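Q: Residues per chain, in single letters:
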Amino acid sequence: MRLLLTHVRRRLPRFGWGIFMLLLTNLTSMAIPQLIRMAVDLFHNAERDPDSPAATARLLARLPWPLRASLEAMASLPLSPLLRVALALCIVALLGMLFRTASRVHLLFAARDVEVDIRCSMYRHLTDLDPHFYAQHTTGDLLSRATNDLTQVRLMLGPGLLNLFNTVVAYAMALPLMVWMSPKLTLVAFATYPPALALMRHLGKRLYVANRTQQQALGQLTAQAQENLRGAFLVRAFAAESSQEKRFSAVNARYLNDSLVQAWIRSGMFRLSMSLAAFGTMATVLWGGMDVMEGRLSLGDVVAIIEYMALLSWPTFALGWVMSLWQRGTASLARIEEILASQPLAAPPPLALPEALPASLSVVGLSVRYADSFALQGVSFEVPEGTTVGIVGAIGSGKTTLFMALLRMVERSAGQIAYGGMAIDDFGLQPLRRRFGLVPQNPTLFSDTIANNIAFGAPESSPEAIAAAAAAAALEDDLRVLPQGLQTQVGERGVALSGGQKQRCAIARALLLDPPILLLDDALSAVDVATEARILTYLQQRRAGRTTLIVAHRLSAVQHANQILVFEQGRIVQRGSPAELLAAEGFYATLAAQQQSTAAEVSP
Amino acid sequence: MKAQSMRGDWQMVQRLWRYLGAQPGRFAAALCLYPLNSLCVILPPYLIKTIFDEAIAQHDRHRLVVLSIAYLVVLVLEYVTGFASEYSLSVLGQRAMFALRRDIFAHVQRLPIGFFDRQPLGRTLTRMTTDVEALAEVFSTGAITILSDLLTIVGVVAMMLRIDVHLTAFAFLVVPPLVLVAAFFQRYARQAFGSIRKHIARINAFLAEYLSAMAVVQIFGQQRRTADQFEGLNDDFRRANQQAIFFDAALYAIVEAIGTCAIAALLAYGAFHLEGGALRAGVMVAFIQYIRRFFVPVRDLSTKYTVLQSAFAAAERILGLLDEKPFAPLNQGFRLAAMQQGLELRDVHFAYAAEPTEADFILKGLNLTLHRGERLALVGATGSGKTTVLKLLNRFYDPQRGAVLIDGVDAREVRLHDLRRLFAVVQQDVQLFSGTVLENVAFCERIDVTAARRALRDVGAEAMLARLPRGEDTHVFEQGSNFSAGERQLLALARALALDPEVLVLDEATSNIDSDTEQRIQAALDLLLRDRTAVVVAHRLSTIEKMDRIVVMDGGRILQQGSHAELMQRGGAYRDLVEVQHTAASPPPTARSGSPK
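Keeping their order, the protein sequence lines are chains V and S.
Going by this note's numbering, the letters in the first sequence line up with residues 1 to 604, in that order.
Going by this note's numbering, the letters in the second sequence line up with residues 1 to 597, in that order.
It should be emphasised that the hints constitute simulated quantities derived from the structure, not laboratory data.
Quick caveat, the model's predicted, so the values are computed rather than measured.
Be aware that one or more of the hints could be misleading.
Unchecked claim - If you want the footprint, here are the derived chain S segments under chain V, 3+ residues with CB under 8 Å:
| hint | region |
| --- | --- |
| 1 | 50-61 |
| 2 | 82-93 |
| 3 | 115-124 |
| 4 | 433-445 |
As the list claims (entries may be wrong) - Just some of the chain V residues that point at chain S, by a computed CB distance under 8 Å:
| hint | residue |
| --- | --- |
| 5 | LEU82 |
| 6 | CYS120 |
| 7 | LEU143 |
| 8 | ARG230 |
| 9 | ARG433 |
| 10 | GLY457 |
| 11 | SER461 |
| 12 | SER462 |
Just so you know, even glycine gets a beta-carbon here, dropped at the ideal spot from N, CA and C.
Whenever a hint applies, use it, and build me the whole structure from the sequences.
A: In structure tokens:
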């Protein structure tokens, strides 16, 4: 709730104006039944006593003060009293139109503003959260909070607040007027409202549950269809069409059933309550008619009371809707606040550091723990500036975790890492990460041009620099084939690149930064042997004297390294130069032997 | 152009009609209830007029009581018929949508696999879900009741005319401006809503992309820049919304104001005809209520029209999907219980393109036989046509020229289901479904639970199952993300083994697996290959050399074939390939000498 108040406070003038306009709107609405009352009685009088000034004056005297004053002010116009009422009605209608537009525009704009404000602050907050947080929340979940939940909050603030205030104001204005005309009829008119409202509220809750169940069923149906489409090949290969149809049929039937329950409540709810309220309307007509016959009320009074009831019917029954908006809105708000309350694990402690530090690394006793098992355990090694380190090991041996720990994307549970002799905790997160260029295992490209993807980490780069980075990553031949070269759109609405092309874009992205330390995380797995050789040659030439760490499965990628680290289950089990490791027994030599006898990739 | 699209709409309605016409009883009920409801909507104001002008004015107490009760009854009837008509229509519509979804799903199962190469998955999924929902909305929002709304409007006008022709004419002075205003604002509101949808889609796409790649954003230090970019998207979204809100609010307010002006018009008319007593209180109240009952459907008309429009668009897309030609009937042709002799590709020319040019052909006159019990490896560069051969064998595609023969019979003459049941296919990317591990192995009806359990044991998945929290009942996450690549592959092999197929097809089944896991997989593979006809596309020499015959392919033709030993002895493409691999994969001598730079 505090979150909401902060954001609402920012847009307070808008909300204030909206509510003020809502008051004015209701004032004009309230005037209409009074004018109709006046007109009906004028007609009635006219039938008996055509155009008697005295009768008109008496009728005028019964009107609430502002209306009476306005009509009296129009007395100078050469119009009959009825025409004056008609004119007043038109003016009221016009004013009402302006106020109504203004009130809705202000309140609904304000709600949208709050929605957009919260969404932007959510994204800013999300950019601060670490992978630990992202491991616990799926993208779908976060997306749903930033869109669906936020929509609920917006509905609560926009239509919810609008209707809530409208109901309160309408009742606050109409009830005194009705009681003023006839307390008895007012009571009669509203006699059946309490049970009608209670029913509405009860059914409203059931509708909410029915809606949720139906949405869940739709979700299952979608998931099932998606799975089937994804497995289109398998379904055909296994001749499993009919069992798939049976499976789908089951969720389809459940969705039908849930939809029918929802339709039953939705179609019935409002009408059932209205039927109850109809007793009040009927009673008003009946008692009102009796009172008119006995001369206790004028015809206009009865018509006005019926008009007020018509006026109040929407605000009354909208309450049920407002309640459910409020319920859903606060639940959604809690889900959004949960995200905003999540704190990143590491608060960056800024420390003044010399710009020029040697690009060396020293890792001592490094351990990283995920949940209940160690991803890294007591890892120590040194990387002197300007050397290349190759890192090999089976899947899950902790190689990627090591890189994440260097970048402080995961928290260490023990150990120290120093960059250029300074503990990495003394760097701010950004200053630390700027010293590295990472090519991740699964390269991510954004729906943008290839050039912008390469320049992702350095958006101000010149086109020449981008082209050079692309060339260094052996992308030139591919770019020539692509429709717009570097300006080709990739991703969702663009060209789908191959795995190897994506990897090389990611390599170009890192090379463009010209980072003090380059981290390649199995970054050449999807490129063929010849291209790999080209990229490695480039790296040897251009990054000579610079620090590079290479994780690889193919030993050809690390054969030139100064030092090889062999990881196994989070520990370094072997280290040494490639030649030393080849000579010794162990993972490296075994892998080398295997890769010799194995056609790892058939490319003539 | 317009007439053409009208005719197109009409054809669409006719095709969808089947689904509604299949429930004649419900349809008739809905058809009768709507006019009844319209009648109940028209009556109450008339009763009010009678009450005021005849009962009250004449001081007739008895009549007042009777008419008041009649008034209540009509009001309640209005709600009851309203409920009954709306609900019966919902049932009609939802059942039709159920049948439509079922038919689309069944149709999609019969589409050629090429369809899925062509169409993004999301698009087809949208046809099956969102588009059907858009169509269903026609029923749930009552947009289909536009006709009955028109009936109500006509009824209201008729009643007003019946009460007073001149007065009606006077009151309806406001109708032309109403229609103009509504048409004007709706056009802009529709455009604005369209632009909102576009912007929200952009916001969603941005979030989906950047939230899933947040690590990249953070490592490259682009938090602030992407946040600014996101704010820009949101600002556009906000502006689009402001337009829509303004048009919507103004339309609502103007319609309301015009309604009040109509009442003023009544008063003015009355003022000029005061002498005749033309405007009695009851008439006035009745007219006020009629005007309201006239305005509500007119105001809703636009919303309903929008729903109808998007439903038409959705229906067009759905029918487009249903018009996709199915590949072949699953259950027509020769029955085939088992394979006696083997498979043969005879002079097969094949291209994936629908209207291929010479360059598109992947296979160019390929002849290949596979005898029963023989195990064959296909070797060659990417694009040489290995995988294509696999897909032709169990008839995922038909060749443009030549034929695939099974026991000497053209595969196109054989029942498709019987043909495909001979095969089990294991691919590089393992497809797992939601459900338990066991359910994933017993993936189709032909595999029972016992066979699935046995297969899991036989491929050596026991150690893996023991590690899982609930063993074989452990739930598989979306895309099998709680299993490693090797474990997923093991499940796929169990699935194939449980089928006990006549012919086993392995399509790069072991490419993505690290050496450690491969040991386990290899044992399972050996078991699967024992005494079986098999076709294997593999990269690992260790797998290839075990096969009875190796076929080396290049550019859609066969270059060489024979056993590993024969081919190595003979020399040529295969031996070159093996040797190239050895040099490429092993560290060159420079590394051994220990001089890295």
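Q: May I ask you to test the interface hint for V:LEU82 with respect to chain S, counting a Cβ-Cβ separation under 8 Å as satisfied?
A: Result: holds, 4 Å to nearest chain S Cβ.
Q: Classify the hint on V:SER462 as holds or violated, based on whether any CB of chain S lies nearer than 8 Å to its CB.
A: violated, 18 Å
Q: A closest beta-carbon separation below 8 Å is what the hint needs, so does V:ARG230 meet it against chain S?
A: Nearest chain S Cβ about 6 Å off; hint holds.
Q: With a Cβ-Cβ cutoff of 8 Å, does the region 433-445 of chain S contain at least three residues near chain V?
A: Coverage by chain V holds for the region 433-445 of chain S (5 residues, Cβ < 8 Å).
Q: Just to be careful: measuring from the Cβ of V:CYS120 to every Cβ in chain S, is the smallest value less than 8 Å?
A: V:CYS120 check passes; min Cβ-Cβ to chain S is 5 Å, inside 8 Å.
Q: Three or more residues of the region 50-61 of chain S near chain V by CB distance under 8 Å?
A: holds (count 6)
Q: Tell me if chain V covers the region 115-124 of chain S under the three-residue, 8 Å CB rule, please?
A: n = 3 at 8 Å, threshold three: holds.
Q: Would you check whether V:GLY457 satisfies its interface hint, that is, whether its CB is within less than 8 Å of any CB in chain S?
A: Nearest chain S Cβ about 4 Å off; hint holds.
Q: Holds or violated: is the Cβ of V:LEU143 closer than 8 Å to a Cβ in chain S?
A: Where the cut-off is 8 Å and the nearest Cβ of chain S is about 5 Å from V:LEU143, the hint holds.
Q: Verify the interface restraint on V:SER461: the C-beta must sit less than 8 Å from at least one C-beta of chain S.
A: violated, 12 Å
Q: State whether the coverage of the region 82-93 of chain S by chain V holds or is violated, taking the criterion as 3 or more residues with Cβ-Cβ distances under 8 Å.
A: holds (count 6)
Q: Hint validation: V:ARG433 versus chain S, beta carbon distance must be below 8 Å. Holds or violated?
A: holds, 6 Å
Hints 11 and 12 from the earlier list are contradicted by this structure; the remaining hints agree with it.
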